[in-house]
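Here are the chains, one letter per residue:
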Amino acid sequence: MNTKGKVFKYPDNVDTDVIIPARYLNTPDANELALHCMEDIDTEFVKKVEAGDIMVAGWNFGCGSSREHAPLVIKTCKTGCVIAKSFARIFYRNAINIGLPILECEEAAEEINANDKVEVDFDTGIITNITTGKTYKAQPFPPFIQNIIAKGGLLASLKES
Amino acid sequence: MGMTMTQKILAAHAGLKSVVAGQLISAKLDIVLGNDITTPVAVNEFNKGGFTEVFDKDRVAIVLDHFVPNKDIKAAEQSKTCREFACANCISHFYDVGKMGIEHALLPEQGVVTAGDCIIGADSHTCTYGALGAFSTGVGSTDMAAGMATGTAWFKVPSAIKFNLTGKLNKNCSGKDVILTIIGMIGVDGALYKSMEFVGEGVKALSMDDRLCICNMAIEAGAKNGIFPVDDVTLNYLKGRSEREPVIFEADSDAEYEKVIDIDLSKIVPTVACPHLPENTHPAKELSHIKIDQVVIGSCTNGRMEDMEAAYEILKGKTVADGVRCIIIPATMQIYRECVEKGYITAFIDAGAVVSTPTCGPCLGGYMGILAKGERCIATTNRNFVGRMGHTESEVYLASPHTAAASAITGFIKEAE
Chain A
1 MNTKGKVFKY
11 PDNVDTDVII
21 PARYLNTPDA
31 NELALHCMED
41 IDTEFVKKVE
51 AGDIMVAGWN
61 FGCGSSREHA
71 PLVIKTCKTG
81 CVIAKSFARI
91 FYRNAINIGL
101 PILECEEAAE
111 EINANDKVEV
121 DFDTGIITNI
131 TTGKTYKAQP
141 FPPFIQNIIA
151 KGGLLASLKE
161 S
Chain B
162 MGMTMTQKIL
172 AAHAGLKSVV
182 AGQLISAKLD
192 IVLGNDITTP
202 VAVNEFNKGG
212 FTEVFDKDRV
222 AIVLDHFVPN
232 KDIKAAEQSK
242 TCREFACANC
252 ISHFYDVGKM
262 GIEHALLPEQ
272 GVVTAGDCII
282 GADSHTCTYG
292 ALGAFSTGVG
302 STDMAAGMAT
312 GTAWFKVPSA
322 IKFNLTGKLN
332 KNCSGKDVIL
342 TIIGMIGVDG
352 ALYKSMEFVG
362 EGVKALSMDD
372 RLCICNMAIE
382 AGAKNGIFPV
392 DDVTLNYLKG
402 RSEREPVIFE
412 ADSDAEYEKV
422 IDIDLSKIVP
432 TVACPHLPEN
442 THPAKELSHI
452 KIDQVVIGSC
462 TNGRMEDMEA
472 AYEILKGKTV
482 ADGVRCIIIP
492 ATMQIYRECV
502 EKGYITAFID
512 AGAVVSTPTC
522 GPCLGGYMGI
532 LAKGERCIAT
542 TNRNFVGRMG
552 HTESEVYLAS
562 PHTAAASAIT
572 GFIKEAE
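Line by line, the protein sequences are chains A and B. The numbering used here numbers the first residue of the first sequence as 1 and each following residue consecutively. The numbering used here numbers the first residue of the second sequence as 162 and each following residue consecutively.
For the record, the hints were derived by calculation from the structure and aren't laboratory data. Since the structure is predicted, the reported quantities are computational estimates derived from the model, not experimental observations. For glycine and all other residues, C-beta sits at the position ideal for the given N, C-alpha and C. One or more of the hints may lead you astray.
What the hints assert, rightly or not - Here are the simulated BS3-like cross-link-like pairs (lysine-lysine), alpha carbons at most 30 Å apart as the crow flies:
| hint | chain 1 | residue 1 | chain 2 | residue 2 |
| --- | --- | --- | --- | --- |
| 1 | B | K477 | A | K151 |
| 2 | B | K218 | A | K78 |
| 3 | A | K137 | B | K317 |
| 4 | B | K329 | A | K75 |
To be verified - Covered by chain B, according to a simulated footprint, are these stretches of chain A (three or more residues, beta-carbon under 8 Å):
| hint | segment |
| --- | --- |
| 5 | 22 to 30 |
| 6 | 59 to 69 |
| 7 | 80 to 89 |
| 8 | 92 to 99 |
| 9 | 125 to 138 |
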């Protein structure tokens, strides 16, 4: 499994309130919610994002609320992957549970710039910055998490077992 | 090697003699919680997974608290989804308007959660119940759905930071000032993935409301959970309240901690977290130049009886400053009723404040006190992120009920006297 696309770059401590503001949480409809993804810090994101594009951010991405709507809107916008220096723990769990690929890689998150073209191989954890030619190695998911993602999320994996 | 208190609870719920930090386990759950925002997503996942009934109708709690009484048609539809699911599954702990409260004030008050429990909730502030000596952590809706279906959840066993508390809080300082001070010290990811274990002789002087407030904001330091040992304060609180027999776990004397941080409670001062991160803390007295437009006293962090008492003691016989809206929200119907009986609500109204029935409303920018562009609010809530209470160019300052109430009277941020 891999993804390839252009980069949207964000700072440290991107919280779930800016990923999807609570004022829109009166609906669980992912397509409707996705229209507001990142709206409070980047009004251009939903206009410019294309399938496979990649978010790159600093420390503690997804901090704050437990709302699963946050990884869900990022995934619904067809974002291929989020790379960050670190993730807040509930966001990390939610992303896996709904099947949004995420990778922790401090060096890549530091060096990759906005609008760079980047390719990510999830099986190996290799991140390639096509614009600069530099590659990075992130830790791929451990087997039990690969299984959840391969089955299409936590509930689907439970259904099978 | 010894285990922390959190590790002991997790080992017991995983049926293991011991666990170590980093180990992946599957643990039995005592309570699975959801609210009116996260439950509809969980119900959808539950149905998609092909499940038809919950693992135990007495171990699932669904609380309508974020947008109720329903703020609009869409919110009403979400409440309806929760109500129908609760009814179809005969959920005994379903709390609708009239019985509800803000979930993290309500479940301890009603004795639904107790010492020794292993709890997940589809709300980040589920970490509150660590105050009772339980392992309790926030998760997303899919984890809630899986928990409702199977009564289990997977966890990575956390390492821990030990906070050794000494001394006693000064007047006009509370648990809120303690946790804001700690977040200011370690940062919003200072305890990422870890437990925050609060121990030491200072613990005994902290009330249950203080402990609930401190554990509530453990997530604001990135923690998996916050936890207090079980002592007489805990047992007195649980007595006559707890539905199930409390189980007492203690950390081993040789438990390993990543770090030990000493906190002298007598040195804590009234503290305020400035926009736009809870770690951006300053002593309240350094912020007396900050003019405010709104005050919110309430939320799962500070809507409990001691918080209402603190606000009452400061606001009684006084008047809210011109140009300031002061919104007070008791966190549960029981607290609301007690405020009526004690005359607090009359005093709040006479001071020029408004009092709402329980809701999370303004804390997450839902309704009941949204800020316009450029407006400032001092709030006893838990987050001050960009746009959290309204416009992206509004500002939220986090503080204790004492500081918030004193600020309401002057119209500027002010330490209570």
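Checked hints:
1. B/K477 x A/K151: Violated: B/K477 and A/K151 sit about 60 Å apart, past 30 Å.
2. B/K218 x A/K78: With a Cα-Cα distance of about 37 Å, the restraint between B/K218 and A/K78 is violated, given a limit of 30 Å.
3. A/K137 x B/K317: holds (23 Å)
4. B/K329 x A/K75: The hint is violated at about 48 Å.
5. 22 to 30: holds (count 6)
6. 59 to 69: With 9 residues close enough to chain B, the hint holds.
7. 80 to 89: holds (count 3)
8. 92 to 99: Coverage by chain B holds here, the residue count being 4 at a Cβ distance below 8 Å.
9. 125 to 138: Violated, because only 0 residues of the segment 125 to 138 of chain A bring their Cβ atoms closer than 8 Å to Cβ atoms of chain B.
Of the numbered hints given earlier, the model fails hints 1, 2, 4, 9; all others are met.
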